[in-house]
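Colleague: Residue numbers (the numbering used here), protein chains in the order written: chain Y, 6 to 257; chain W, 33 to 265.
Any given hint might turn out to be false.
Said to hold, decoys possible - 20 Å max Cα-Cα, derived EDC-like pairs, lysine to aspartate or glutamate:
#1 Y:Lys191 - W:Asp253
#2 Y:Lys244 - W:Asp102
#3 Y:Lys201 - W:Glu41
#4 Y:Lys191 - W:Asp43
#5 Y:Lys202 - W:Glu41
#6 Y:Lys22 - Y:Asp64
Honestly, the hints are just simulated from the structure, not real lab data.
Keep in mind the model is a prediction, meaning the values are calculated, not measured.
One letter stands for each residue in the lines below.
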Amino acid sequence: MGTAIQIQNVNFAYGAKQVLHDVTLDIPDRQVTAFIGPSGCGKSTLIRCINRINDRIPDARVTSGSIHIHGIDIHRPDLNLQELRRRVGMVFQKYNPFAKSIYDNVVYGLRIAGVTKRSELDEAAEKALTNAALWNEVKDRLRSSATGLSGGQQQRLCIARVIATEPDIVLMDEPCAALDPLATLKIEELITELKKKFTIVIVTHNMSQATRCSDRTAFMYLGKLIEYGDTLQIFENPKNPQTEAYITGAFG
Amino acid sequence: MNQPHIFHEIDNAMRSLKDAVILMAGLTRQNLERAIQALLTRDIDLARMVIGDDSDVDDLEVRIDQIGMDILIRFHPVASDLRLVITSMKMAHNLERISDHAVNIAKRAKKICKSNETVEAAIIEPLYSMAENLLRDALLSYTDTNTELGESLKPSDRALDAAHKQVISLLSGRIETSGSRTENLLHLIFIARSLERIGDLAVNIGEDAVFLGEARNIRHDHKKDKAPDAEQP
């Protein structure tokens, strides 16, 4: 199993406030890596560094350290940001389909990338919706508004939209936070399927979710990576007392 | 487990747990059968095989515990899933003890084989048949989640207990006049004792199968039946 993302000694600050401290870890290719930790520990900030979405925030920056994706430094000056974000897709906590049809949502990224041929778009839409386990539910109403879908379906549509552009990596920031338990299980089942094709990085507050669907788990606290290892090891026998305290609910 | 889970990994994990228990049950039964065969046919090599193969059963017990713990950690099972994990881990413990009894039988069979033929060895065979039938039914009650079968084992166990008492009485009687055969007769008494204990462990498995299927705890029910009536005013 190779390394998809190499994070080395990353420090990150919002203006004068440093929120990540010397974070170093390798995220394996085609596995699910979960980030857990209390609110404000820096886990969302860290995954937002991976597709440089934090660049949109004034004064927010990686102050030192490096992030490589499949060996490519994502901070090198000649990097094409649009290409980076095509290769590193992102799914957010609140599902956010555009106020367009289901079909137009799925092919949105491809159109931005310049794909115009109808047959190509149709094929990509079917493939993405199938991979997002949504095709059978929507194939007869592709022209209907995406906002008419249930919450769980909208989130799977957002996942389809991301994977339609065939990224290498899919970042998920609490993808099930707004979903009911059964919709959550469907997304988790989808995640375990998607890891055959994509590297998945997920931020979650739900430790059960981390145990169910991740291969590796990273525990962060106060902007530091406290422990990182195989999920079963982290939850069965954590090496760091802070991890033990957090996962057993004896924290703070 | 009839209805697949939305999250298929749970089905896969449960299947691997149950498969490991079924494999362990098969090995345990085979060890017991071989131990008795070694005794009845005076086959020292077969007895040695039983003693050697016990480590496979031990390894499976550890593996089942690990799979069970992994499932508890990963999937936080509830209801029938939780009962399957708990029951399977208890099954593994009971099977390991049964295989240990098979090893005890094999070790004593080996000693008996090294001395002159002891005709009383044949007395053990009916006890073995009863214990084996109990074990077979207990395992079926788990694999098929057949609670009726699981609950029906106690009368058969009582019959085994009675047969065991008769065998002990018979062997004890012969010890008084056995001379040089005393040691072998004592070995047979301990073998009979192992078979009686295997019957008890099979009943435990049947009780666990009832818990698995119906979430009903029937352990120690016989004691409750015998409990003295509440004091009358």
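Colleague: Taking the numbered hints from earlier one at a time, note which ones the structure violates and give those numbers from smallest to largest.
Modeller: 1
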